[in-house]
Amino acid sequence: MELSTILDLLANALVAGIMLGGFYAAVSIGISISFGMLDIANISHPAMIMLGSFMAYLLNSHWGLDPLLIMLLIAPLFGLLGMGIYRVYFQLFESREKDPRRGLAFFFGLLFVTDVALILFFGADLRGVETPYVDTVLNVGVVGIPLRLLIPFFIGLLVVTGMHLFLTRTFFGLAVAAVSQEPLGLRLMGVDPVRIKQIAFGLSVATAALGGAALIIIQPVEPALGREYIGRVFAVCVLGGMGSMSGTLYAAILLGVAESLTSTFIGPSWSPAVAFGILLFALAWRPAGLMGRN
Amino acid sequence: MFTSNTRFLIGLLIAGATIFLGVKALAEGYYLLVAYYILQYIVLATAWNILGGYGGYVNFGSACFFAVGGYTTVFFYKLLGLQALKSLDFGGFIITAPFIAYLIIPASVLMGAAVSGLMGLATGYLTLRLRGVFFAISTLALTVVVQTLVLNWSYVGGARGAYVMRPPSVAGFASTSEFVFFAMLLIAMAALAIARNVEHQKLGAGLEAIRDDEDSAECSGVPTLQLKLQATTLSGALMGAAGALFPYFVTFVDPVGAFNLVHTVNSIAMPLIGGMTHWSGPLIGAVLLGGVQQYFGSKNMVTPELSLLFVGVLMMVFVAIAPNGILGLWQRLRGKDVK
Chain A
2 MELSTILDLL ANALVAGIML GGFYAAVSIG ISISFGMLDI ANISHPAMIM
52 LGSFMAYLLN SHWGLDPLLI MLLIAPLFGL LGMGIYRVYF QLFESREKDP
102 RRGLAFFFGL LFVTDVALIL FFGADLRGVE TPYVDTVLNV GVVGIPLRLL
152 IPFFIGLLVV TGMHLFLTRT FFGLAVAAVS QEPLGLRLMG VDPVRIKQIA
202 FGLSVATAAL GGAALIIIQP VEPALGREYI GRVFAVCVLG GMGSMSGTLY
252 AAILLGVAES LTSTFIGPSW SPAVAFGILL FALAWRPAGL MGRN
Chain B
104 MFTSNTRFLI GLLIAGATIF LGVKALAEGY YLLVAYYILQ YIVLATAWNI
154 LGGYGGYVNF GSACFFAVGG YTTVFFYKLL GLQALKSLDF GGFIITAPFI
204 AYLIIPASVL MGAAVSGLMG LATGYLTLRL RGVFFAISTL ALTVVVQTLV
254 LNWSYVGGAR GAYVMRPPSV AGFASTSEFV FFAMLLIAMA ALAIARNVEH
304 QKLGAGLEAI RDDEDSAECS GVPTLQLKLQ ATTLSGALMG AAGALFPYFV
354 TFVDPVGAFN LVHTVNSIAM PLIGGMTHWS GPLIGAVLLG GVQQYFGSKN
404 MVTPELSLLF VGVLMMVFVA IAPNGILGLW QRLRGKDVK
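Chains A and B are the protein sequences, given in the same order. Numbers in my numbering are just positions in the first sequence, counted from 1, shifted up by 1. Numbers in my numbering are just positions in the second sequence, counted from 1, shifted up by 103.
Excised from the complex, chain A in its bound form:
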């Protein structure tokens, strides 16, 4: 390969990776809230993302709604679903005993049941959405920016910024940050920690609706695709420092760029392995995350 070709490829891979990273932030932010801040290992989050994708597919193919509109419509429903799931989780597990196995098995069951239910309803075929912008590519010099990547990138940026402002500027947001560390303190201030956790968990599941709609804009989906996102979302959450919003964004962009470079220079079939490598690296050597102190 000539040097100029390599440089072109590199520039394209970097830009695509940053775009992809923004999108990864949108799918991972729910885990950063539930696992990072509330200490609830919701491994069913990727299945919720797939549920979001298929809701978008359903509404798009039946009524021709735009996925961007759909995500705003279904996000509140997902929020309610999340609050319901947390209610069940709290009643059955969190309030009773401290055996983490049962909570994990509960969420794994939820992941599996959602997965199988999606296969039962939609089959294992690829489903996509039709929008006027999916096939548009903006050309900036040698770099082509497809809108189907740029839009999810901005969704990710918006979600992360919004969540960051919400968590740092509002009383409720500060309560969420405090809930897993100082539940007694919250009680003394007249705040019910269970209620805070319930709403925060609802928020985290609502982001799965946004992530799911963004995913189906990027590419057609099938139910099993969700499994690739298990490694990704947890890698981003751990590397991002478990619950830091800016950390989530940086870690997601790092993952996006690493995957994009792998896929350009080694082969697209290898990219699912990148997230796991990063996750293991983060767990073994940097469990406090990229910007952690120790």
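Check each hint, because a few of them may be wrong.
[Unchecked claim] To list a few chain A residues with every Cβ distance to chain B over 12 Å, as calculated:
no.: 1; residue: R103
no.: 2; residue: L111
no.: 3; residue: T137
no.: 4; residue: G142
[Said to hold, decoys possible] From the structure, some residues in chain A lie toward chain B, with a derived Cβ separation under 10 Å:
no.: 5; residue: F36
no.: 6; residue: F107
no.: 7; residue: V114
no.: 8; residue: G174
no.: 9; residue: A178
no.: 10; residue: I231
no.: 11; residue: S270
no.: 12; residue: L281
Quick caveat, the hints were computed from the structure, so don't treat them as lab data. Ideal Cβ placement from N, Cα and C applies to all residues, glycine included.
Given chain A's structure and the hints, the job is docking chain B onto it.
What follows is chain B alone, placed relative to chain A:
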């Protein structure tokens, strides 16, 4: 009159012989198939329970350990080539076709167990020093990455999968399938004996202490990391042994089938439903749940997806209302409280 160990061994041997002769007497491929899958689930569930039930560390990678065992067999099969099925020559000492299965199948099982055991050790070494939930997530992600590896490795068939020819006949057995079934029966018996042994030894007591309160265990001098690594290696090796036999039973392996989440969900659901504190729990769960799935699946009464949905929902129901499984329910019925 006998010690409890002797009683257990006699019981195990009698049960094993009954199953083998029973399946042989029925002389139908169908029963062999059903019995094989149930035995395979007994191994997977028992192996999962050594770490998950006794030690309290959830492994979501059963499918991965199983598949790695299976692909170890595929790898050595490709390495040896077809010629190895006709005769093997060890410097003048020639093994002829009917006896080859006695050599290559146990060798495959041992290698599959070794490779999966090492993978367990490595994963455990990297993640078991952190909270259990990180280990759980890592094993879930490990499945995706090892599957990616196999998909890209054309030597073992890549995405297309690989056929494994078996020795056409085995001396002393009616068919090669019967021999493979016999081997799985032995692995299942070994798995139960190992689990019971772990329970009665220092490893089991240590794992129990870790499950109840890891910090206290560590402070009282229990070598927690070492015990957890032993359990992970043992558990992975048993799953790998079951996986190594799989290609010889079905003669075809592909990544989608081998790495299927179905193996994972079953190996967790079975101990949960049977009971996790005693070696007989996974056995009960595997026989009941495996039996139900095989029965409905083979009669074409329900689609495979529907039967999986049933397993998933049943698991969630049990984890919610009967955390100690059927064993726990039974003990509660008899007025004994379980720990």
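Would the stated hint for A:L281 survive a check requiring a Cβ distance to chain B of less than 10 Å? holds, 6 Å
Is the shortest C-beta separation between A:I231 and chain B less than 10 Å?
-> holds, 5 Å
Interface-negative label, A:T137 against chain B, beta-carbon threshold 12 Å = holds, 31 Å
- Item | Status of the hint placing A:A178 at chain B (closest C-beta pair under 10 Å) | violated, 20 Å
Hey, is A:L111 genuinely clear of chain B, shortest beta carbon separation above 12 Å? Violated, since 7 Å does not exceed 12 Å.
Fill in: chain B contact restraint for A:S270 - C-beta distance below 10 Å
Constraint on A:S270 satisfied, holds at 5 Å.
Restraint: A:F107 near chain B, CB-CB cut 10 Å. Satisfied or not? A:F107 check passes; min Cβ-Cβ to chain B is 6 Å, inside 10 Å.
| Verdict on A:R103 as a residue remote from chain B, using beta-carbon distances over 12 Å | violated, 5 Å
**Per-residue hint verdict: A:V114, partner chain B, C-beta under 10 Å** = holds, 4 Å
Interface hint outcome for A:F36 [beta carbon to chain B under 10 Å]: Check passed: Cβ of A:F36 comes within 8 Å of chain B, closer than 10 Å.
Query raised in the report: Hey, does the A:G174 contact hint survive, CB to chain B under 10 Å?
Result: Because about 25 Å separates A:G174 from the closest Cβ in chain B, which is outside the 10 Å limit, the hint is violated.
Minimum C-beta separation from A:G142 to chain B exceeding 12 Å: can you confirm that? holds, 33 Å
Hints 1, 2, 8, 9, counting from the list given before, are not met by this structure.
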